[in-house]
Amino acid sequence: MYFVSFILKNLTRRPIRTALTVLGLSVAVGSMIALLGISHNVEATVAEGFERRGVDIVVMQGGVADQLSSELDEKLVERVARIEGVDPHGVDVALIQLVEIQSNKGADSKNVITIGWPASNFGFDDLEVRTGRRVQEGDVRKVMIGSTVATNLKKGVGDTIWLQTEPFEVVGTFESFSVFENGAVVMLLHESQELNPLRKGSITGFSLRVKKSLEHPDADVDAVRQRILDLKDEKTGKAIRLSAQTTKEYVKNASHVQILKAMSWMVSVIAIVIGVISMLDTMIMSVLERTQEIGILRAVGWPRSRVVKMVLVEAVILSMAAAAIGSLGAIGLTYVLTLFPQVNGFIESGIAPIVILQGFGFTVLIGIVGAVYPAVRAALLLPTEAIRHD
Amino acid sequence: MTDGRPEDYLLFAEKLVKTYPDGDVHALNGVSLGVKPAEYVAITGPSGCGKSTLLNLLGALDRPDQGEVYFRGEPLSKRADIDHFRARQIGFIFQSFFLLPSLTARENVQVPMYEGPVRSVKERVKKADELLDLVGMLKRANHRPMKLSVGERQRVAIARALANDPALLLADEPTGNLDSANAVHVMDLLTSFQKSRNLALLIVTHSPEIAEMANRIVKMKDGQVVDNRVNSLPG
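Residue numbers (the working numbering), protein chains in the order written: chain A, 1 to 390; chain B, 391 to 625.
Don't read these hints as lab results, they were simulated from the structure. By construction, the Cβ of each residue, glycine as well, lies at the ideal position given by its N, Cα and C atoms. The reader is advised that the hints may include incorrect statements.
As the list claims (entries may be wrong) - Here are the simulated distance ranges between beta carbons: (1) A:12 with B:621: 46 to 54 Å; (2) A:309 with B:555: 55 to 63 Å; (3) A:281 with B:533: 28 to 36 Å; (4) A:309 with B:533: 24 to 32 Å.
Based on the sequences and whatever the hints tell you, model everything.
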């Protein structure tokens with residue numbers, strides 16, 4: 001009989017308790033993995049978006065709490081395009097807004113992200129047109145809608161949607177690698193600006209590519225970033241409050257990513273604490289119930305270290321089972337969540353393998369931490385006391 | 391028989407004192423005792439006289455408050471590997487058998503082997519089967535304790551006690567829970583192993599018949615040895 005077989009028998013002799021422990025732990029772990037997975041997906045999607053488009057620097061208004069509040073004069077773009085080291089064909093502006101959308105005139109309003117791009121924006125190249133066509137120069141009151149919006153609103157090519165109570169014709173539906181874009185309405189920049197009178201002539205920000213040398217690409221990016229930050233207002237001569245971040249920094253500092261990550265970790269910490277307590281409870285009960293047996297094991301010569309190992313390995317096995325079930329549950333949960341129109345434009349189904357690995361790591365840690373006290377308690381039992389327990 | 395030096399005995403207890411924290415009464419009060427290799431010693435006395443306490447101290451399951459236990463002349467209190475010593479040198483047999491309920495007979499016999507000389511899983515199974523065969527339990531090897539009669543359980547417990555080929559068997563009322571037929575069977579097994587394997591056998595018993603089978607009979611009362619005599623007509 002292998003040692004691990006001995007341990008498995010300890011677990012399987014009380015199948016209901018083992019199953020309930022695994023179930024309880026897997027709920028905690030599953031929640032943790034699902035939240036961390038969602039936050040990881042959001043971060044990865046944003047990062048992938050920039051990476052695929054070869055973006056080096058993201059420029060926005062400095063000092064704003066979130067990206068949607070950023071407001072820059074679109075004329076600034078021309079000045080930036082002339083800066084030494086900037087690829088003049090690689091500057092792309094966008095106006096991203098949260099606006100009201102109605103599927104029919106007078107219907108209930110919902111919020112949707114609109115993305116306003118000039119017709120030449122290279123972002124269009126990443127949109128896979130599913131039906132219809134992309135918006136183009138000269139279009140008036142025409143939009144493309146992401147696949148999620150199309151599904152949620154049950155709209156297609158030729159249909160009309162209302163943005164800020166104004167009608168727009170859907171000329172195309174698209175699928176993007178970005179979950180945000182799939183949940184967005186894409187339109188020409190100037191039409192997007194007209195949705196909000198306060199945003200006329202303004203943009204949320206712009207991304208740009210840097211002409212980099214092979215020898216020191218990072219230094220080239222840093223140099224361009226500094227030149228952007230040194231830009232002065234042409235009228236007042238004062239510094240313009242800008243935020244110019246590399247894409248990595250942008251993703252790291254993006255407020256929605258940060259908030260999501262913070263919330264995910266907060267809930268995860270709660271889940272971890274619940275998991276530790278659950279494991280502690282189960283293992284302490286298990287040890288107390290087996291006081292006599294542990295005494296027998298000590299009597300026949302098992303050293304304390306083997307008793308500790310027995311309890312810890314039991315906990316690790318329980319944890320691994322919980323992590324496996326929790327991971328499957330988390331994958332299922334994210335999939336189910338994407339079926340809800342309220343969230344399916346914001347999250348992506350599936351969990352990255354790295355997050356599942358992290359989840360396994362945390363769960364094993366939970367198991368070990370929760371089992372340390374019971375294991376030590378078991379090891380400290382004197383054989384005679386344990387046998388007298390009879 | 392406590393004359394001589396500790397080196398002269400397999401197991402030697404010197405002036406053992408043990409007091410339990412829940413009372414002022416000495417469970418053992420200056421007990422000395424020697425057991426020679428391959429000797430069969432019976433310890434008798436009324437309930438509460440300290441027999442089981444003495445057995446626990448001799449088997450290194452507990453430590454004396456005063457005094458010393460020597461094994462082959464070496465004091466146990468100086469040993470750092472007391473668990474290893476217990477696993478390799480001593481086999482325990484208890485009145486309540488103390489088999490692990492989730493394991494089969496074959497698996498129960500293997501439990502001490504994790505700390506014994508037999509290493510591979512295959513060897514452990516082979517050894518367990520040999521021992522079960524010796525106690526007539528091979529056919530019941532795959533049964534859990536709940537499916538075995540009390541006599542069968544004690545036979546499995548004997549096989550477990552022999553798992554690491556110990557030099558000393560300590561049995562605490564091994565027939566206490568058995569009917570007379572099973573008690574005779576178990577005692578036959580123990581005495582035959584004691585002889586065939588040159589084991590020292592120390593039995594705590596209330597039974598005069600079992601005590602009379604021993605080479606030496608030690609009588610205890612109130613935590614002290616009151617008689618320690620060679621049995622001239624064992625069996």
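Evaluation of the provided hints:
no. : hint                         : in the structure
1   : A:12 with B:621: 46 to 54 Å  : holds, 49 Å
2   : A:309 with B:555: 55 to 63 Å : violated, 25 Å
3   : A:281 with B:533: 28 to 36 Å : holds, 33 Å
4   : A:309 with B:533: 24 to 32 Å : holds, 28 Å
Checked against the numbered hints listed earlier, the structure breaks hint 2 alone; every other hint is satisfied.
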